[in-house]
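Sequences listed follow chains Y and E, in order. If you're matching positions, the first sequence starts at 85 in our numbering and goes up one per residue. If you're matching positions, the second sequence starts at 7 in our numbering and goes up one per residue.
Some clues are possibly wrong.
[What the hints assert, rightly or not] Which stretches of chain Y does chain E cover? Using the computed rule of at least three CB atoms under 8 Å from a CB of chain E, they are:
1. 92-99
2. 142-148
3. 167-176
In short, the hints are calculated from the structure, not lab data. Where a beta carbon is used, it is the ideal one built from N, C-alpha and C, also for glycine.
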Amino acid sequence: MNPVTPVRTYVIIWLILTIMTFTTYAVAQIDLGQFNIVIALAIAFFKMSLVIWFFMHVRTDNPLTKLFVFAGFFWMAIFLVFTLGDYFSRGWMPLGKFW
Amino acid sequence: MGQQFDSATFGMWVFLLTEIMFFGGMFGAYTVYRSMYPEAFASTSAYMNPLYGALNTAVLIVSSLTMALAVRSAHLDKQKALQIFLLITMFFGLCFLVIKGFEYHEHWVDMKVPLIGGHWNYSEAPQFAHQAQILFIFYFFMTGFHAIHMIVGLGIMTTIFIMARKGRFSPIYYTPVEVSGLYWHFVDIVWIFLFPLLYLIGHTRTIL
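Chain Y extracted, bound-state conformation (with noise of 0.2 Å):
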C-alpha cells in the first residue's frame, strides 16, 4: 500500500508542468539552430519524469517496480539508439570498390 501523497503535492507539480508548458512553447519561437530540439526534448523528458515519479506513484513503489519501470526505459533508449546508430552513421564509410 501507497502513503497518501498530499494535494499539496500533486498541486505544486502540476503548476510545474503547466509552467514547463508554456516555457517549451515559447522557447519554440526562437530559433536556437540545434538547441531548439535538445531543449524542447530536455523539458519533455522532465515533464515525463515528474508524471512517472509522483502523478503514477512510482516515487512511493516497491524497488522491484521501479526497477522495471526505469530498465523499461533503459530499453526502449537502447532501441532508439541502436536504430538511429545505425541511420546515421550510413554513409560514413566509403563503399569499397568491388561492393
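Given the coordinates of chain Y, assemble chain E onto it according to the supplied hints.
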C-alpha cells in the same frame, strides 16, 4: 491486499511498457525521417497550429492532476470526491478530443489529409510535396493512435465511475482506480512528447 495491490500495479507497468514499445517504434521512425528531410518537416510543421497543441497539453495535464486527486480520494475513502474527480477527468478528456476534432477538421479544409483516398493538395511548396505527405502521415497515425487511447481511457473511466457509484472502492481496495490512473497518466506522457515533436518544429523566428 497490499501484495495484490503491488502485483496489480506491477502488471499494469508491464502492459504500459509494451505500450511504450508501440509508441516508441513510431517515434523512432519519425526521428529517422525527420533527420532525412529536416527542411521539409520544418516547413510542413507550419500547418500544425501550436496554440491548439499547447492548449491540449494543458488540458491533459489538468486531467492528470484531477486523476491523481481521484486516486487520492479513493485511498482516503472520500466517495463523493472520487466520483466528482472522475467526472472532471472525463470532462477534460472529452475537451481534448473535441479540440483534436477541430484540428482534424482544419486539416481537412486545408486539403492536408494524405491518407488512402485522401484529401491532399500541396501546391504551395511543390518541392516538399512528397516529404510533407510523410510528416502528415506520421501526424495522423501518431495523434490518431493517441486519440484511440484517449477514447479507451474514457471507456475505462466510465467503468470506474460506475463502480465508484456502486461503492466498490475503499481504502483497503481501490486498486482499479490506481491502475486505470496509471493508464491515464501514460496517455498524457505520450502527448507530452507528441506536442513538441509535431507542433513546435518550424515556428522559430530568428532573433539571435
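Exercise. Of the hints stated earlier, which fail here?
Worked result: none
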